[in-house]
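J.: Each protein sequence line maps, in turn, to chains F and E.
Under our numbering, the first residue of the first sequence is numbered 5, with each subsequent residue one higher.
Under our numbering, the first residue of the second sequence is numbered 65, with each subsequent residue one higher.
I should point out that these hints are in silico values taken from the structure, not numbers from a laboratory.
These figures come from a predicted structure and were not determined experimentally.
Hints may contain errors.
As the list claims (entries may be wrong) - Calculated cross-link-like contacts (lysine-lysine; reagent style DSS-like; alpha-carbon spacing at most 27 Å): (1) F/Lys21 - F/Lys61; (2) E/Lys120 - E/Lys69; (3) F/Lys61 - E/Lys69; (4) E/Lys101 - E/Lys118; (5) E/Lys118 - E/Lys132; (6) E/Lys135 - E/Lys101; (7) E/Lys101 - E/Lys132; (8) E/Lys120 - F/Lys61; (9) F/Lys15 - E/Lys132.
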Amino acid sequence: GAGVSQSPSNKVTEKGKDVELRCDPISGHTALYWYRQSLGQGLEFLIYFQGNSAPDKSGLPSDRFSAERTGGSVSTLTIQRTQQEDSAVYLCASSLTVQVSETQYFGPGTRLLVL
Amino acid sequence: DQQVKQNSPSLSVQEGRISILNCDYTNSMFDYFLWYKKYPAEGPTFLISISSIKDKNEDGRFTVFLNKSAKHLSLHIVPSQPGDSAVYFCAARRLSGGTSYGKLTFGQGTILTVHP
């Protein structure tokens with residue numbers, strides 16, 4: 005079956021612009037996660053959604069970052085007024101549920117470069 | 065603060081030999097640990113996991129060892145193959161409790177190169 009897909013695969017933007025990154029999770033997966041990987045760093049948790057519960061936003065680095073998940077499926081991560089330190093690979097993952105035994109499957113990521 | 069640490073940025077191994085990748089953690093609330101493998105331009109893929117009630121889990125050529133008292137885990141790959149060359153990430157999570165238990169906390173990764 006289809007895996008997690010993300011778009012765009014690459015995004016170059018100017019400092020101060022807003023960007024939207026999209027994630028299509030595996031069909032039927034109720035949990036969806038966003039992580040980012042800055043150069044030379046590990047993956048950093050940003051936010052996760054589980055069904056209709058309130059999302060866990062504890063990893064969002066500033067109020068310029070927001071995410072939503074419409075209809076329990078597709079998710080959009082929005083970064084407003086981008087800064088150069090936002091440059092990173094943004095990875096989306098999904099799992100059947102948020103239970104620990106459920107593997108998180110990752111998409112290929114969106115490479116964001118802020119000039 | 066880095067709660068999960070992989071202190072070796074890279075490891076080079078000869079084909080057929082054992083690869084040992086190490087990971088340390090500081091948060092005693094972690095009780096489930098995972099290893100992910102990542103190829104360039106791809107997302108990480110799950111490799112193997114271990115619960116804190118165990119000290120060893122094996123899956124084919126891959127074995128993960130957990131030493132809870134030392135807050136240390138390691139991934140052994142035997143025998144190593146050139147196709148194993150990738151970045152390996154250690155990750156940890158909580159089994160229950162709190163609002164953030166769904167998230168994975170990752171180490172910085174170790175680049176493994178297996179030479180033919």
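J.: If a hint holds in the structure, say so; if it does not, say that too.
T.: Checked hints:
1. F/Lys21 - F/Lys61: holds, 22 Å
2. E/Lys120 - E/Lys69: The hint holds at about 20 Å.
3. F/Lys61 - E/Lys69: holds, 23 Å
4. E/Lys101 - E/Lys118: Holds - the C-alpha atoms of E/Lys118 and E/Lys101 are around 22 Å apart, at most 27 Å.
5. E/Lys118 - E/Lys132: Measuring from Cα to Cα gives roughly 9 Å; hence the hint holds.
6. E/Lys135 - E/Lys101: This hinted pair holds, its Cα atoms lying about 21 Å apart.
7. E/Lys101 - E/Lys132: holds, 23 Å
8. E/Lys120 - F/Lys61: Between E/Lys120 and F/Lys61 the Cα gap is close to 33 Å, so the pair fails against 27 Å, i.e. violated.
9. F/Lys15 - E/Lys132: violated, 42 Å
Violated hints for the displayed structure, listed by number in ascending order: 8, 9.
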